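*Asks:* The chain contents come next:
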Amino acid sequence: MAPQDDGRPDPDALLASTARSGRGHLKIFLGAAPGVGKTWEMLDAAHAKRLKNIDVVAGIIETHGRAGTLAKTEGLEMLPRRALPYRGQTLEEFDLDSALARHPQLLLVDELAHTNAPGMRHAKRWQDVQEILEAGIDVWSTVNVQHLESLNDQVARITGIRVTETIPDTVLDMADEIELIDLPPAELRARLQEGHIYRPDVAARALKEFFREGNLGALREIALRRAAQRIDKDVTQYMRLRAIPGPWPVTERVMALVGADASAGNVVRHAARLAEALRAPLTAFHIERGGDDARTQAALDLAVQLGGNVVTQSATDLVRAVLEYAGQHNFTHIVMGRQPARRWRPGRRLAEALTRQSAAFSLHFVPLPAAPAPRPAHARHKTELEPYLLSGALLGVVTIIGVAADKYVPQEAMGLIFTGIIAAMASRSGRNAGLFTAFFAFLLWNFCFLPPVYTFSVSDPRDVVALLVFLLVGLLTGQLAGRVRQEAGSAAARVEALRRISLFGQRFTRAATMSDVLASAAEEAAAIAGAGALLLHGPSGLRVEAAQPPGTALEEAALAAAEWCFAHGVETGIGTSTLPSVPWRFLPLGGNAGCIGVLGVKPAAILSPPQAQTLTALAGQTALAAERAQLSVHNARAEAHQDSQKLRNALLSSLSHDLRTPLTSIRGAAETLAQAGTALDEATRADLLASITQDTARMTKFLANIMDMARVESGGLNVRRERLRLEEIVESAVARVTGALYTRVNIAPNAANVLADPALLEQVLVNLLDNAVKYAPPGSHIRISSAREGGLVRISVADAGVGIAPGELEAVFDSFFRARRGDSVAPGTGLGLAIAKAFTEAMGGQIRAQSPRNDLPADGMPGTVIHVELPAA
Amino acid sequence: MISGRILVVDDEPQIHRFLAPALAAAGYEPLRAETGTQALRLAASTAPDLVLLDLGLPDIDGQEVLRKLRAFSDVPVIVLSARDREAEKIAALDSGADDYVEKPFALGELLARIRTALRRKSQTQPASSALEFCGLQLDTSKAMLNGESLALTKREHALLLLLMRNLGRVLTHRQILTAIWGPAHTEDVAYLRVYIGQLRRKLGAELSGKLKTEPGVGYRLEE
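Taken in order, these protein sequences are the chains called F and Z. FYI, the numbering used here numbers position 343 of the first sequence as 343, with every residue one higher than the one before it. Positions in the second sequence are counted from 1; adding 873 to them yields the numbering used here.
Only chain F is shown next, with the shape it has when bound in the complex:
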């Protein structure tokens, strides 16, 4: 933390305090050992709160059958426990969901370090508590100091007992208040002897083991020190919040070297304690060498839990990589595991080389773990027999050939052939196979080729030397070839990961739509995890949007894990601490605008670090690509909206024009008549009156059109279909259209009758004639004709007007098409053709426009024909 010269509060500290303000308040009752009375004290304090009318509920209280504690629970509301069947027995667990539903002011949750039964939402109870706090409920809880992750080793070394139920130190730091429940060791032992804590038989054993006076004293000291450290931290926080200047060391940095051995966890814990004491940042540094097992991953995860960050590199020269990174990043402390004194371990070389070369660093060696941590079951490799059988077979065949061709092959050559086989086996199947081959070849060579043949004794002293040299060379070759193979494997995995990452970059730039992006992402995820993968996405609950292989479905539990991942933005499922029993792994798709969905994979095996990293990169890129796709959809929608806005404006202006023009004319004519009536001659007066009548008719027609369109659009059109004589309908239509004076009608005898609705067909023809009159030059002819086309009759209305541009032949039938050209064209509603089309289609016919007409001279106006096709009758 840099010094705050300007005397302003440190923003990080302020942020931390505001992040807490919406959450519940956490108080932890910290004890040195079981039986000091944490639960009792908590219940006591809870009763006091209850008397102050605070809504206190006991979420879970572990009484361990202690009568005093049980009595204390009386009068407190207890939440029912959730019963879970587990391997034939029933486990009772804290019911998180009912606690959230009950939502008291203060919830008591005993035993913070408890591990939940499989199938619960979280692996650990402290994670339940975290969720409750986030819901704004205050929580009181209890924990013993030996459960603290970073003190785990220390406590194990003192007491000889390793506690498996641990909580990260950050949980203790999360507490707003810590109450240390202190009881002098002698008193605790006395309570134990009196049977307050365990049954007498258990108590007697406990007194000799865990509850030895020395143990208790040490634990008490640890607890006191931890509580004091916490107070120190509170003071520091207080000073930073209020910008009290002080010496904030910024120069220290701690690096934990995490290798693939049992001490990795210890190294991290020690480094974390060191970092804490120095108030220095912690980095866990790991060199990938292939064959990294789950312990390494666990140690790296631990480092993250303890507030550090993780750096993984691939390198052949360990020492150089460590020194380079530490030098570049100003590390001052390097913590590493003390290696067992084995000659061929590179770790020893690393320790020595670091000691020799690192003048700038303090080196810390962490002792080997006191009690070896149980190796996680799933990490154990099944020993495959195949390489050993192959090795034996190869050596056997070569030996038989060698023995048979004894005369031609000198026994020294056999040694070289064997060495070749060792190298081949080691690089094919790894170090162990190489070493096995080396040893077996050593025996075979000795037995079959070195005189005296077929005994394990050697006659020539020079052969003894040769034999030893062979063994040495064989072992070395096996070892080296094996390591080369491992490194090649890890390098290949890295290259593969990088190749994949660059590949989805390319794929996503090509994927234009959301579904493309999701489908690509699902495919990539399946390719990485080597098993079915799919993608969920959406604001209205999660939904499977794309899956590979297609059709993959999620079971209930997996869906819950996905929801959790989406809601909290954390990875869930297998290999994580949330719902680890689900066989899926879910990664949140976090973009700039928050989490938009989750990516899920169903890995066949535990994900390797490069695989996990590739998945993380995939999730990131998917989120970005999906966001981009969403944005382009939004843009398209905005454009469409703008277009429809434009159309609406045009429509309004067209309506306004069509109503205003006849209104103006009617009003003007009427006022002219009224004001200047006597000054006008008879003819003018008659003309003005006629004009009023015509414009009134125009407005009536306009209203009728609007009503027709409204009828079509509301679906309230009743269509009769009857046999009609075309001639009659055309005649009455022509009569209705003023101006359709020069109409030529030509009806073919075989196309005289149609099956249609008389009123609708007449309206169609009226509208087409209106349209023709509007665009035809004065004095030109309008032609109506009919022709037979199979089972259809085609009625054509042709004018010699301005025609229609080729691109607009379809658009002319849109409502208010005319409107788009503004009000600068001939008056009309712009609805006529749209209505003609709607009516024709309602009668089961078709309508289309043709322009230019092919029967007009090419130098004149192109003209337009509208064809209506209806079933013949």
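Rather than coming from a laboratory, the hints here were simulated on the basis of the structure. Quick caveat, the model's predicted, so the values are computed rather than measured. Glycine included, C-beta positions come from ideal geometry on N, C-alpha and C. Incorrect hints may have been included.
Restraint ranges, calculated between C-beta atoms of paired labels, are given here [as the list claims (entries may be wrong)]:
(1) Z/Asp932 x F/Ala697: 26 to 32 Å
(2) Z/Pro1056 x F/Ala638: 30 to 36 Å
(3) Z/Gly981 x F/Ala638: 45 to 51 Å
(4) F/Ala873 x Z/Arg905: 47 to 53 Å
(5) F/Ser732 x Z/Asp932: 35 to 41 Å
(6) Z/Pro886 x F/Arg510: 55 to 61 Å
(7) F/Arg744 x Z/Pro886: 21 to 27 Å
(8) F/Arg721 x Z/Pro886: 38 to 44 Å
(9) Z/Asp932 x F/Ala638: 31 to 37 Å
(10) F/Arg711 x Z/Arg905: 36 to 42 Å
Model the placement of chain Z on the given structure of chain F, informed by the hints.
*Replies:* Chain Z only, in chain F's frame:
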């Protein structure tokens, strides 16, 4: 008896049908144009005393016609427009139209506007800069209302002078702002509202009733 030639530009025959006898009865000689091209040709060849211009023309846009017309003539132009084309009205006034009437219009109002426009045209710019209107006497330096001295700020004075010089005519916000506040303030309509409000308070009931707001367009001092 003919008091002026009026060119009516509209593509709607129905409009001509009643305007021609109405204008003739009011003592004008109506000229008829149905397209922009025709209108420009007639305006150039017959030199009408006033133009009634519809903005929606089949060949050239009315605004364009107005701009072309203004290139060779300062004949008064009254725009016939629809109420929903506020922006077009303003654009037309800004490019030199003298007034506008909304369709459908009252014949009496149209004739009154025509008279105003023609009178303003016939008035030569006053040689002395003193103006008189409804008991208000104004010159470039002082203002008198009903014989009493009227205290105006410099800006109010300039605003009143501008309105009086354009008596009966609509001035758009932009025109007023450009004339008084300068071209940098053509969008600051709020200034104008404040000053018009102050002027109305100082001018008294009768005069401030004649200072009309043309909603969304500008102001007009009515005769």
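*Asks:* Which numbered hints does this structure break?
*Replies:* none
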